[in-house]
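Student: Please arrange chain B on chain A, whose structure you already have, making use of the hints.
Given next are the chains, with one letter for each unit.
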Amino acid sequence: MTMLRQIVIVSLLGLRTLRQRLWQSLVLVVGMACVSGVLLSMLSMTEGLHRAYLNYGDPRSAIVVSRATIFEILSAIPREQARIVTGAPGIAQAPDGSPLVDSSLVTGVPAVLRKNGARSFITLRSFGPKGQVLRPTFRLVSGRMFRPGTHELIAGTKASFQFRGMALGDKVILPDGEWPIVGTFTTGDLLDGQLVGDTETLMQSIRHKTYSMVVARIASPDAFGAFRKALTTNPALSVDVMRLRDWNAKISADTSAFFHIAVYGVGIILAIGALFGCFNTMYAAVESRASEIATLRALGYGGVAVAISILLEAAILSVSGGLIGASIAWLLYDGVQSGFGSDVFTLTVSPSMIGTAVLWAIAVAVLGGILPSIQAARWTVAEALRAR
Amino acid sequence: MKYFPLVWAALRRKPVRTLITFLSVTVAFTLFGLMIGLNDTLNQIEARARADRIWTVGRFNNFSMPITVARKVAALPGIKSVSVMSYLNGYVGDPKNPSGALMADDAYGGMFTDQLSPEGWDAIRRDHTSIAMTRLQAEHFHKKVGDTFTLIAPQAVKADGSNVWTFKVGQISEDTLQVPNGMIAGSYDYYDRSMPLAQQGTIAEVDSVVADPARAAALAEEIDRLFANSANPTQSTPEKTLLAVNNNFGGLNIGALTREIALTGLLMILFLISNVIAQSVRERRAEFAALKTMGYSDGLVIALVAGEAALPCIAGAVCGVLVAAGLASQLPGVMPRTFGIPAPVMSPTVYLWALASACIMAVASTALPALRLRRQDIASVLSGRA
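Heads up: the sequence lines are chains A and B, in that order. Taking the working numbering, the leading residue of the first sequence gets 8, the next gets one more, and so forth. Taking the working numbering, the leading residue of the second sequence gets -6, the next gets one more, and so forth.
The shape of chain A in the complex, shown without the other chains (with noise of 0.2 Å):
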């Protein structure tokens, strides 16, 4: 207890005397500033890339593409082969009794970027007789839905902010003619950033002989076993079978693994030079302090108390620069629209994120603390009279 109260009024002294050594103690609040704002600046890019991707579609769903794809643009499962997985067991089926399972196309269209007219690819999926109805959260915002059978296209809500040209009544030069956008849909996943036609007119037209995958809603959780392995056993099919979520997991893992790398990488470079003005920082407020702390030692307070409390006072001070580094952050990113290429997904800056930069900030002020703590503990009363 006394050793608690020690601390207490020996930081309590320390934060009275902060406003002398204020510019010394700003070097470590701007730091972790910097640190955490381009941390959380960083990794909101990141995770709302990753929360998007884990959020992709109806979680009921399964997904099957052809064997070792790693992109789905590089599916192919010829017809015949869509067939057979149309009437494997597991699948979920509609009131008529018809199975929820849908074949359909994936393919880029070129278009041109909105923010700098760099020439990219928007992401053209199709929809079969089931697309709509294996996507629960679709709804449609304005004009109408494609008829099927027409050179006709409806666009996801946030494709036009992405894209030039992707807007209700635009049209999108495909084979056969321009395709007019006819309406525009929300989904509230990344579906959104993407154009939607029907399946086969589509592969007639841009002469596509297999589909790209074939989404089917499982009748329960425990029936995907039965679902994968009729396909993955059978002779004639040469297909991989995953749930959905799995495969969002599966196609945005190295996308996500580069750049936790390069965050995290930066983060880590940046917080290395935080902790060097946290040390500078605090061995200075040590040798300023020097006579305060040697007449509270005088009066018999001990050595771990003291250098408790410049450990705390350097906590502070971090933490305190790291949450003023995450509101920045906060406020200009958190909610902000972004996107990449056909990803269209929404910057985000959690509270968890937010606690990461604390632990970061906190981390920071052990380290670069526990010296000048271990050296102001250390002092004989005597030398820390001399120091001054």
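Misleading hints may appear alongside valid ones.
As the list claims (entries may be wrong) - Below, in silico cross-link-like pairs of lysine-lysine (PhoX-like), each with a Cα-Cα straight-line distance of 25 Å or less:
id	chain 1	residue 1	chain 2	residue 2
1	B	Lys136	A	Lys236
2	B	Lys161	B	Lys233
3	B	Lys137	B	Lys89
4	B	Lys89	B	Lys73
5	A	Lys178	A	Lys236
6	B	Lys(-5)	B	Lys233
7	A	Lys216	B	Lys151
8	B	Lys161	B	Lys151
9	A	Lys122	B	Lys233
10	B	Lys65	B	Lys89
11	B	Lys89	A	Lys257
12	B	Lys161	B	Lys89
Quick caveat, the hints were computed from the structure, so don't treat them as lab data. Given the structure is predicted, the values throughout are model-derived calculations rather than measurements.
Tutor: Just chain B, lined up with the frame of chain A:
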């Protein structure tokens, strides 16, 4: 130079403080090196892109066009030569280990010596059943010349019914900037002849060289117009446009982003060293007053302080970029293999920028203490009244 011992003595007085300054500058320039280095590398790739090459692919991303597209492109006036290639995608051993080879015709090798060395292309030309690979790929798959490379390609089933493609490693080339993740190349003729008759004559890409680079963009449009209403619409892009930094990263302005991060690091450390210099000057006011008394001019005293700042800054900048170069060389081993972004290479430009920034930092961190030094009154400082 004669003042060097003076500066050195000042730096040695508080070795911990000097070390901290040096180390923090090193850290800031490690980040600077990685960021500006990446930027510089991307710019170099753009600069090295050949202005006279056009890449033509299927407009709707299906990686398959009939080879006649190449013949028609070759017939266009202004096109000097044409080559074709296809991709053989699959995996090595396990689907978790994706790989692929670019199967190019003989003309391709003559055109793209910036992807693989001429010897590499020659090896494929001499023996169509061989492949050539860059060092990065060879190291990843532990291959040396003469080894067998087996690729399982589920979507490229050969005429004999097998999807197992076996090649001999004919040559290993050094990696080039233009192909950051390395490549494996084989013979298109061999690939084509191995496929079932119905699938022969299919290509993924036509690459052409134009006679006049200034007309590359116009010719690219002309090619696309030629196929606009055909069964195989094309998407042609001059290589300069395709490899432009701006054109990649899905709209992310990577140049601005890297510069901002590098600048944040520098500003953070600038704040730190400004404080260190200010503190050091504050502690030695009497010393500076003594120097002035001995006839040192204001300018000289300030120059001494600036020198004190510049020495650790410049040393830190050089060390920082060296550390960055070391880290960058480790990156290919850490980064995922299918998400390609080149590892930064520290060119002389990066070192020059680092040195310039270090000098600016030294001057900026000295500015405030210098003002105070100029204003100080010698008599009052020495008598201990100020």
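Student: Which hints, by number, does the structure contradict?
Tutor: The structure conflicts with hints 1, 2, 4, 5, 6 and 10, although it agrees with all the remaining ones.
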